[in-house]
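Student: Okay, here's what each chain looks like letter by letter:
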Amino acid sequence: MPTRKRQLPEIPPELVGTVHVTPLDRIYNWARKRSLWPMFFGLACCAFEMVGTFAARFDPSRFGMEIMRASPRQADLLIVNGTVTKKMAPQVIRLYNQLPEPKYVLAMGACAISGGPFKEGYNVVSGIDKFIPVDVYIPGCPPRPEALMHGFLTIHARMERESVRDLRWYRKGEEVDTSVPVPELGPDLVDWRLAEQIEALQQPATDNQQPAE
Amino acid sequence: MATEVTPEPTDEVLTRLQERFPGAVEAAPEPYEGLIVARDHLVDVATFLRDEMGYAYLSDVVGVDYPEEVNGLPPRFEVVYHLFRPVGGPLTLHVHADRENPVVPSLVPVFPSANFQEREAWDLVGIRFEGHPDLRRILLWDGFDGHPLRKDWHEVYYEEEKKPFGSRWPEGHPVMAESRTPLGRNLRYPPGWSPEDWRPTTDPWGYRPHDEVAEQKNPAMPVDRVVLNMGPHHPSTHGVLRLLATLEGERIQKLEPMLGFLHRCHEKIGERNTWLGNIPYTDRLDYVCSMTNNWPYVLAVEKLMGVEVPERAEYIRVIMGEFTRFLNHAVSVGFMCNDLGIYFTVMLYALEEREFILDLFEMTAGSRMMCNYMRFGGVAHDMTEEAVALARELAFERLPRFIDKVDAYLTENEIFRARTVGVGVLPPEQAVAYGCTGPLLRGSGVPYDIRRADPYSIYDEFDFEIITAPDGDVYSRYLVRLGEMRESLRILQQALNRLPDGPVMAGKKKATVKVPPGESYGRIEAPKGELGFYIVSDGSPNPYRYHIRAPSFVNLGVMGELCRGHLIADVVIILASIDITLGEVDR
Ligand code: SF4
Numbered sequence: 062m063p064t065r066k067r068q069l070p071e072i073p074p075e076l077v078g079t080v081h082v083t084p085l086d087r088i089y090n091w092a093r094k095r096s097l098w099p100m101f102f103g104l105a106c107c108a109f110e111m112v113g114t115f116a117a118r119f120d121p122s123r124f125g126m127e128i129m130r131a132s133p134r135q136a137d138l139l140i141v142n143g144t145v146t147k148k149m150a151p152q153v154i155r156l157y158n159q160l161p162e163p164k165y166v167l168a169m170g171a172c173a174i175s176g177g178p179f180k181e182g183y184n185v186v187s188g189i190d191k192f193i194p195v196d197v198y199i200p201g202c203p204p205r206p207e208a209l210m211h212g213f214l215t216i217h218a219r220m221e222r223e224s225v226r227d228l229r230w231y232r233k234g235e236e237v238d239t240s241v242p243v244p245e246l247g248p249d250l251v252d253w254r255l256a257e258q259i260e261a262l263q264q265p266a267t268d269n270q271q272p273a274e
Numbered sequence: 341m342a343t344e345v346t347p348e349p350t351d352e353v354l355t356r357l358q359e360r361f362p363g364a365v366e367a368a369p370e371p372y373e374g375l376i377v378a379r380d381h382l383v384d385v386a387t388f389l390r391d392e393m394g395y396a397y398l399s400d401v402v403g404v405d406y407p408e409e410v411n412g413l414p415p416r417f418e419v420v421y422h423l424f425r426p427v428g429g430p431l432t433l434h435v436h437a438d439r440e441n442p443v444v445p446s447l448v449p450v451f452p453s454a455n456f457q458e459r460e461a462w463d464l465v466g467i468r469f470e471g472h473p474d475l476r477r478i479l480l481w482d483g484f485d486g487h488p489l490r491k492d493w494h495e496v497y498y499e500e501e502k503k504p505f506g507s508r509w510p511e512g513h514p515v516m517a518e519s520r521t522p523l524g525r526n527l528r529y530p531p532g533w534s535p536e537d538w539r540p541t542t543d544p545w546g547y548r549p550h551d552e553v554a555e556q557k558n559p560a561m562p563v564d565r566v567v568l569n570m571g572p573h574h575p576s577t578h579g580v581l582r583l584l585a586t587l588e589g590e591r592i593q594k595l596e597p598m599l600g601f602l603h604r605c606h607e608k609i610g611e612r613n614t615w616l617g618n619i620p621y622t623d624r625l626d627y628v629c630s631m632t633n634n635w636p637y638v639l640a641v642e643k644l645m646g647v648e649v650p651e652r653a654e655y656i657r658v659i660m661g662e663f664t665r666f667l668n669h670a671v672s673v674g675f676m677c678n679d680l681g682i683y684f685t686v687m688l689y690a691l692e693e694r695e696f697i698l699d700l701f702e703m704t705a706g707s708r709m710m711c712n713y714m715r716f717g718g719v720a721h722d723m724t725e726e727a728v729a730l731a732r733e734l735a736f737e738r739l740p741r742f743i744d745k746v747d748a749y750l751t752e753n754e755i756f757r758a759r760t761v762g763v764g765v766l767p768p769e770q771a772v773a774y775g776c777t778g779p780l781l782r783g784s785g786v787p788y789d790i791r792r793a794d795p796y797s798i799y800d801e802f803d804f805e806i807i808t809a810p811d812g813d814v815y816s817r818y819l820v821r822l823g824e825m826r827e828s829l830r831i832l833q834q835a836l837n838r839l840p841d842g843p844v845m846a847g848k849k850k851a852t853v854k855v856p857p858g859e860s861y862g863r864i865e866a867p868k869g870e871l872g873f874y875i876v877s878d879g880s881p882n883p884y885r886y887h888i889r890a891p892s893f894v895n896l897g898v899m900g901e902l903c904r905g906h907l908i909a910d911v912v913i914i915l916a917s918i919d920i921t922l923g924e925v926d927r
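Going down the list, the sequences are from chains A and B. The first sequence begins at 62 in my numbering and counts up by one. The second sequence begins at 341 in my numbering and counts up by one.
The set of hints was computed from the structure by calculation and includes no laboratory data. Beta carbons are placed, not taken as given, at the ideal position from N, Cα and C, and that holds for glycine. Treat each hint with caution, since some may be false.
What the hints assert, rightly or not - Stretch-level coverage of chain B by chain A, calculated; a stretch enters the list once three of its residues show a Cβ under 8 Å from a Cβ in chain A:
| # | stretch |
| --- | --- |
| 1 | 524-537 |
| 2 | 604-617 |
| 3 | 761-770 |
What the hints assert, rightly or not - Derived contacts from chain A toward chain B, CB cut-off under 10 Å, selection only:
| # | residue |
| --- | --- |
| 4 | P200 |
| 5 | R226 |
| 6 | E245 |
Using the sequences and the hints given, assemble the complete structure.
Tutor: Take a look at the structure:
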């Protein structure tokens, strides 16, 4: 820290108290983390606890995030708050793809993390991170509002560690496509990224079969 | 519903049916309840029961798979119907279907409420209902491989037949379900299926019927019909409901709720859980009111076990149940105002009260939302003095103020009335035919409340009124909710004044319970309507069949009718006035 401080320019005496000098990253992240707009998006029981968190008692406007946007185009935080079913997975992934960069994903509750109490269910995706990258996991069933707020703070801490210099959405020239192929509903959920593996499983239809039920 | 029928036990129904349909009806053998009806006579018997004997409600339709011979009955699929009449009690009908080719005549022409439930039985158990107008999958999608609630159908993560499973740490480190499947995912495809050659021919998103309606043009109106998809991500669908509407201009021609986006395989998991292990799962059905979800389940099991619940436990159950009703109605009015565009004002007030009620739940049950509080034969913990004091403060002082506040702001409000009066009118006959219950039914002027019609627990000891409103529109349902909140507080005040001392659990707390073989149907008046649990026990530590009759699910069946001809902007209000929770709709 002291070396960094020495590099900052001197402030003329008449401006002391009016002008502050700080690294660009600091001010950039400070501004960003205080205007994180979550998407108004509900999946299951955890969503209701999230609604409770966004009400008067817990007051997330302290973190500058009281505005929830129903449209993914206007939001930058996706809170996956509940069980992602196979039928719902294509929609969740499409929403994720529609979020503009920079985007963050918060998996709220056991279901979003791993399938939770419903993991063995035939229509349940065992964890949203099978499809999209997750930044913060909050365990609980449902997590208490305090836990959700801790999740927000963790995202803030994560943002603080980022630097304008290496953020992928500022890189010129090399476009990084972060979108995820949307799965389809076939005999089961069809994840196109697994197509080869499925194909390989099906080929030697005699010996390397699916395990017996 | 003024049909005055004197109470008759099942025997008398049986005698009358046997006179009328000789050889078609017989009493179900022990340990089953009710009657067995021959498949070919089902429609006639149901019509007779409805028209001549006053069985106006078809509460529940459930398919059960019996792959082996039990209790002297051959291997079969069974469809169990739970009928009810306002005076005289419930009636259970069993219909047997062939195990190879299960076909049962559809009851939709007699009871439109069977529509969604038969579709569910087709979807999950694979029983075909002949004569059903629209037998498509409802919770899963068209093209899904198999019928999951059949006993011989196993999930990908299948481990063992029954819980508790063996150790997941057999060699000192955890074994994840993922590592036991070839794809490392909860995915499986039929043998020989290859994604490369796959040409989808199915209609997983259900657009086809709508496209057909959209094709037929109205000669009087030279506009194209538009198929509009609303949800499953939509701020006003209260979760992941999807509504598919065909519009002409801004008017709805056909509207259909598409379900299953939160189908969490509750019933399949429930059959594997232990009896006790299902209680926390019931919490997650209607996540707004978890306390009342435990109740019908424990009622159904208690019926089979024959345990007596101590008086204090009954009082505590009523207290928790009524707080839950208050909570649900408050939040539901708040959500309705959100959908009207009174964005987050009423909702914030409601959520403020919710926090206090949740504090009370946390004090007694140890958890805010998922209380997991009731047990077979009582409740898990006693209410502390502190909790009683908080409950008294809420019931006597704080919550009445909330109702007055909402009443003052909304009831006479010009704009509120302009948006709600005359919108989404549900005539009483239609409400009964569609099996609607709860505020939706009472908002149509039908004074039917299970707390009075088929009293459970100790509701017959309390003095309260059944609130109805005559018009059947959104505004009436709002009035009913407001009135019911007041009545809930009245019950709470009486219960808190009379709360007796004593144990809260019959016998000791046990980790396993013995449930004698048999079937039972427990139901209560949950805040959203009749919540029923149908359970079948074969004497083992796990339920044989575990089915939930969810009020939101059945009430949604009338949604299409309610919206026909209305503006698209009214759809969200009508939906909010039905008051659904998707956890319960899709289960
Ligand atoms: S983690 Fe628990 S509370 Fe959250 S959605 Fe899953 S079941 Fe519901």
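Student: Please list, smallest to largest, the hint numbers that this structure does not respect.
Tutor: 3, 4 and 5
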